[in-house]
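Colleague: Take the sequences, apply the hints, and build the full model.
Chains E and L supply the protein sequences, listed in that same order. The first sequence begins at 1 in the numbering used here and counts up by one. The second sequence begins at 1001 in the numbering used here and counts up by one.
The hints are simulated quantities; they were obtained by calculation from the structure and are not laboratory data. Even glycine gets a Cβ: it sits at the ideal position worked out from N, Cα and C. Some clues are possibly wrong.
[To be verified] In silico DSBU-like links for lysine-lysine, alpha-carbon gap of 35 Å or less:
no.	chain 1	residue 1	chain 2	residue 2
1	L	Lys1124	E	Lys219
2	E	Lys231	L	Lys1312
3	L	Lys1274	L	Lys1124
4	E	Lys16	L	Lys1124
[Unchecked claim] Facing chain E, from chain L, some residues (calculated, C-beta under 10 Å):
no.	residue
5	Pro1100
6	Ala1104
7	Gln1109
8	Ala1129
9	Gly1130
10	Ser1138
11	Lys1186
12	Arg1189
13	Tyr1293
[What the hints assert, rightly or not] Computed footprint of chain E on chain L; a stretch qualifies when at least three of its residues, placed anywhere within it, have a C-beta under 8 Å from a C-beta of chain E:
no.	region
14	1029-1036
15	1069-1079
16	1230-1240
17	1244-1252
18	1262-1273
19	1278-1291
Okay, here's what each chain looks like letter by letter:
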Amino acid sequence: MKILVAVKRVVDYNVKVRVKADNSGVETANVKMAMNPFCEIAVEEAVRLKEAGKAREIIAVSMGPASCAETLRTALALGADRAIHVETDAELQPLAVAKLLRSIAAAEQPGLVILGKQAIDGDNGQVGQMFAALMGWPQGTNAYKLEVGGEELTVIREIDGGLETLRLRLPAVITTDLRLNEPRFASLPNIMKAKKKELAVKKPDELGVDIAPRVATLKVEAPAGRSAGIKVGSVAELVDKLKNEAKVIQ
Amino acid sequence: MAILVIAEHNNARLAPATLNTLAAAAKLGGDLHVLVAGSGCRAVADAAAQASGVAKVLLAEAAGFEHQGAEALGSLVAGIAKDYSHVLAPASVFGKNLLPRVGALLDVQPISDIIAVEAADTFKRPIYAGNAIATVQSKDAIKVITVRATGFDAVAATGGAGVVEALPVVSVDLGGSSFVGAELVKSERPELTAARVIISGGRGMQSGDNFHLLEAIADKLGAAVGASRAAVDAGFVPNDYQVGQTGKIVAPELYIAVGISGAIQHLAGMKDSKVIVAINKDEEAPIFQIADYGLVADLFKVLPELAAELDK
Ligand SMILES: Cc1cc2nc3c(=O)[nH]c(=O)nc-3n(C[C@H](O)[C@H](O)[C@H](O)COP(=O)(O)OP(=O)(O)OC[C@H]3O[C@@H](n4cnc5c(N)ncnc54)[C@H](O)[C@@H]3O)c2cc1C
Ligand SMILES: Nc1ncnc2c1ncn2[C@@H]1O[C@H](COP(=O)(O)O)[C@@H](O)[C@H]1O
Chain E
1 MKILVAVKRV VDYNVKVRVK ADNSGVETAN VKMAMNPFCE IAVEEAVRLK EAGKAREIIA
61 VSMGPASCAE TLRTALALGA DRAIHVETDA ELQPLAVAKL LRSIAAAEQP GLVILGKQAI
121 DGDNGQVGQM FAALMGWPQG TNAYKLEVGG EELTVIREID GGLETLRLRL PAVITTDLRL
181 NEPRFASLPN IMKAKKKELA VKKPDELGVD IAPRVATLKV EAPAGRSAGI KVGSVAELVD
241 KLKNEAKVIQ
Chain L
1001 MAILVIAEHN NARLAPATLN TLAAAAKLGG DLHVLVAGSG CRAVADAAAQ ASGVAKVLLA
1061 EAAGFEHQGA EALGSLVAGI AKDYSHVLAP ASVFGKNLLP RVGALLDVQP ISDIIAVEAA
1121 DTFKRPIYAG NAIATVQSKD AIKVITVRAT GFDAVAATGG AGVVEALPVV SVDLGGSSFV
1181 GAELVKSERP ELTAARVIIS GGRGMQSGDN FHLLEAIADK LGAAVGASRA AVDAGFVPND
1241 YQVGQTGKIV APELYIAVGI SGAIQHLAGM KDSKVIVAIN KDEEAPIFQI ADYGLVADLF
1301 KVLPELAAEL DK
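Modeller: Right, here's the structure in full:
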């Protein structure tokens, strides 16, 4: 079985982003970029499935500007066998990403596609489900544990209220939650080896996908600020403030 | 044109977030319809019909809808969506699992997690863990939207006079997904997203056993208990407790963060709380930058004191 893993390049999760002065977006110049944390988990899960003999080949896919190649090299260093970069400087919204993935899946015929449950820049949480719908495949979002059998897989999902177990027919789509695994670090020899792995570049046109945005961003603003209040000296003082000043407890 | 709200429920009860979603829908202008899809869920449809402003409830009952798989529900919703200007669902795990699927089937780019309605096609939503708020405008004919419950005050659960109309359900295609089981956390306490008061513990709690210190206080305040990701990852408490960018988004009257440092991903889930209290032994902890009341102290010393003080 082939596994397709979608990896997005995003602003590193440790960076506190700032809104641009002209309110057109957030500042991304000279900001540290990294693989979306959920995508790291997706790559790790694919690699573990391959190590367990459940998968034959792992193909990492990323869409966006030239710099995505760096993120794909990371995926290759972590254990992906080859990579596909759909290169464009245009804004890509989840519907476009899902359609580009459909086009790649049609050519590659993967048995399993693993994505992050959300990209921590746009916080959309959509691509996996949209891609699954376009393919007519079942989906296991927010995966907490995965077991792949012959023609099907069992996924435990993190849901509001606890955990849910589903059995999905393959091919299927999985989106990763935080506790699915703990991603490894790429070793130096693997980083070197990754440089020699195949990285194909394609354009959205070649894939026959219209990527025109459907949603316009009119402005981006900083959220309403919240400032520090006061320090209290004791539990008695805290309770007094909560009762008599904030009036949130009786 | 009318607006369709997808009800979240467990076949027995309507989830409160549906009422917040209705509040967002009411700002759009148009008749409000609610879809209740499930099995043996007539009572949910009756409850939805009572919600303020609801004109009609579509009831789709079938065994195949019992577990509300996104594959089956996605096809159902996409099939009826053409009669609507907007399709909305709560931005819960349920809604987030379902609506993108509906969007793709309709060739629509969905809008996740709206916190404000500016116009029928224009919405505000947080991005980058709430460090920025985007105003976005949809060009699609049908708007497919998930609604962040904390952004909208719930409509009244009663007072409405909607009619319930059963949809003819021919057959349900589960789309290759079958339900095996669920392990739901049972608690006597209020649900996190509906609680008026929340007390959350972080890595500083050191173990799951120590959460009884928080529970003792929660019992006195009628509070829900939450946690940081670090506490969940360490296995102190179930995943369902996680508050944050990738967990639950809450905005109670009072949020008490205990042994939580205040990473942006945690703040993303609770910084809209009305009053925030932080208890942390490190006076430099970032949580103090957003707390209304900060107590620099060892939690193991002050939690029992707090429980005792609340008894006075
Ligand atoms: C993609 C991604 C998504 C994430 N999503 C979330 C999310 O949704 N929610 C979330 O919470 N995190 C999330 N995180 C993790 C987040 O970055 C932090 O790692 C996490 O919030 C830290 O949890 P914590 O504050 O409990 O632990 P720590 O940062 O370790 O803080 C523990 C605190 O406890 C204090 N303490 C220790 N002992 C005591 C004591 N005896 N008395 C008083 N204080 C004490 C310490 O001073 C410290 O400030 C995410 C991270 C990533 C990468
Ligand atoms: N530009 C992209 N390139 C590759 N994968 C992507 C891209 N955008 C989104 N994805 C995948 O879809 C997941 C969810 O993204 P989103 O729906 O944008 O929150 C991510 O974790 C990735 O796995």
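Colleague: All hints are to be evaluated individually against the structure, with a verdict given for each.
Modeller: Hints, one by one, checked against the model:
no.: 1; hint: Lys1124(L) to Lys219(E); result: 9 Å, holds
no.: 2; hint: Lys231(E) to Lys1312(L); result: 22 Å, holds
no.: 3; hint: Lys1274(L) to Lys1124(L); result: 20 Å, holds
no.: 4; hint: Lys16(E) to Lys1124(L); result: 20 Å, holds
no.: 5; hint: Pro1100; result: 4 Å, holds
no.: 6; hint: Ala1104; result: 4 Å, holds
no.: 7; hint: Gln1109; result: 4 Å, holds
no.: 8; hint: Ala1129; result: 7 Å, holds
no.: 9; hint: Gly1130; result: 6 Å, holds
no.: 10; hint: Ser1138; result: 5 Å, holds
no.: 11; hint: Lys1186; result: 9 Å, holds
no.: 12; hint: Arg1189; result: 13 Å, violated
no.: 13; hint: Tyr1293; result: 5 Å, holds
no.: 14; hint: 1029-1036; result: violated (count 0)
no.: 15; hint: 1069-1079; result: holds (count 4)
no.: 16; hint: 1230-1240; result: holds (count 5)
no.: 17; hint: 1244-1252; result: holds (count 3)
no.: 18; hint: 1262-1273; result: holds (count 3)
no.: 19; hint: 1278-1291; result: holds (count 5)
This entry does not satisfy hints 12, 14, going by the numbered hints stated previously.
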